[in-house]
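S.K.: Sequence:
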Amino acid sequence: MQFTTVLGLFTALGGLTSALPHAIQRRDGGGVGITNNMQKDIYLWSVSDTTGDNMITLNAGGTYSESWRTNPNGGGISIKMAMQPEQTDVLQYEYTLQGDTIFWDLSCIDMGTGSAFTTAGFDVSSNEGSCPSASCAPGDSQCADAYLIPTDDHATHGCPSGTQMSLNIGSARPVRMDRLAQVSSHLNFPRGLFAGQTAIITGAGQGIGAEAARLFANEGAKVVVADIDEQKATTVANAINSSAPNRALAVAGDVMNAAYIDELVKRAAEFGGGKIHIIVNNAGFTWDGVIHKITDKQWETMLAVHNTAPFKLVRAAAPYFRVKDKEPRTIIQISSTSGIHGNAGQANYAVGKAGVVGLTKTIAKEWGPQFGVRSNTIAFGYITTRLTAAKEAGATITTADGTKVALGIPGRSTQKEEVNPEVAYADIPLRRPGTPEEAAKAIVAVASPWFSYVNGETIRVTGGRNT
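Mature numbering (1 follows the signal peptide of the UniProt record, and there is no 0) puts the sequence shown at residues -19 to -1, 1 to 448.
To be clear, the hints were calculated from the coordinates, so they are not data collected in a lab.
The beta-carbon is built from N, C-alpha and C at its ideal position, and this holds for glycine as well.
Please note that the accuracy of each hint is not assured.
To be verified - Derived DEER-like restraints, expressed as beta-carbon distance ranges: (1) G339 with G254: 30 to 36 Å; (2) S114 with N324: 41 to 47 Å; (3) S48 with S223: 25 to 31 Å; (4) F352 with G95: 48 to 54 Å.
Just need the whole structure built from these sequences, with the hints factored in.
M.R.: Structure follows, in structure tokens:
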């Protein structure tokens, strides 16, 4: 495949976003980002059959990005990187856009065994599970003078045009022949699984929701932190933005308020540039009581927060999910093992948590065939949150009418769990409760490209309890 791109890459003050000639047509929905993680500058330019190409300097620690675009002269786009302006020791990333598919490859030109690129290592990853990756481990001189993706073949590996690709120079993941080990490594130390995506997470002011917001943001997503407590939501969003500016937005309100749901979706879409990709219906609480003593208010509140609110959020966001742009979209309902097995003193909570399973399966069947939306439920077991702490600790939540509901398990503070976990967690094979971060990692995993063929399922995260 010949590449005869005639364009230059220009930079603007304050960033390295390319300003493209009018002849080049932008294609929205995907693109490539290049990060220089080395302690030296890189020279970056486009291939051209004319003189006077514009070259930019990608400083140490800097990033460059561009949306997929087409070449009106035919062929594709080639981005070259070198350690010297003389254009030797070159790492070349090429792509061409054909319809809804982006074809790309990564190659090394005029590299010797002492190439600075192979010494530092580099890799290509993406937010699309079906798209291949490429990696040159630090010091692997065999990468030189070879096409990395695919081997000895030029730009024939197709990915959806909505794919966000990342080329990291100086921070390559080692090549792993064991695919399971590679997946495990990526889940434990991921980079940019949700780049270019926007996520709404309800109940994100603390606990599992707050951890999920942080992890999604770390993976490149723009996160809408939704919580009834404005101060807590703002604290979470500010913490995220302190390390990744404009990555999080706090939108406080009660999910049982229909007007708030509409406002939440509106602001999320604005924050996401007109798109929403992920919903995590995590907001909820318990209001326990045995069957013969549960009041109508207790019953109706649990169904309102765990069934009606998630449904209304999904319904309000429907225009952003029922689209055919080939970008990944997923909806996750947070349930509990109480919704699977029932639990004494929690008839209302158990019914609410069981109900979202039906909603999950219906979304999968209605929105999966035409729009590719994935919908799954995660049922948590014993996770250390305010809902599983001692009720004597005093945690409460106040409903819209001012009713203060005590949260937690009565008598928990007298059980001395930390003294004898073999007794306290006897029904959990791992002999311990899960942490909010472990729970959040499960949410991120299910939303990620690694679960791209999982749909309509209920994933239990219990440490083996009730197995």
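S.K.: All hints are to be evaluated individually against the structure, with a verdict given for each.
M.R.: Results of checking the hints against the structure:
1. G339 with G254: 30 to 36 Å: 33 Å, holds
2. S114 with N324: 41 to 47 Å: 43 Å, holds
3. S48 with S223: 25 to 31 Å: Given a distance of about 28 Å, which is inside 25 to 31 Å, the answer is holds.
4. F352 with G95: 48 to 54 Å: This hint holds: roughly 50 Å between Cβ atoms.
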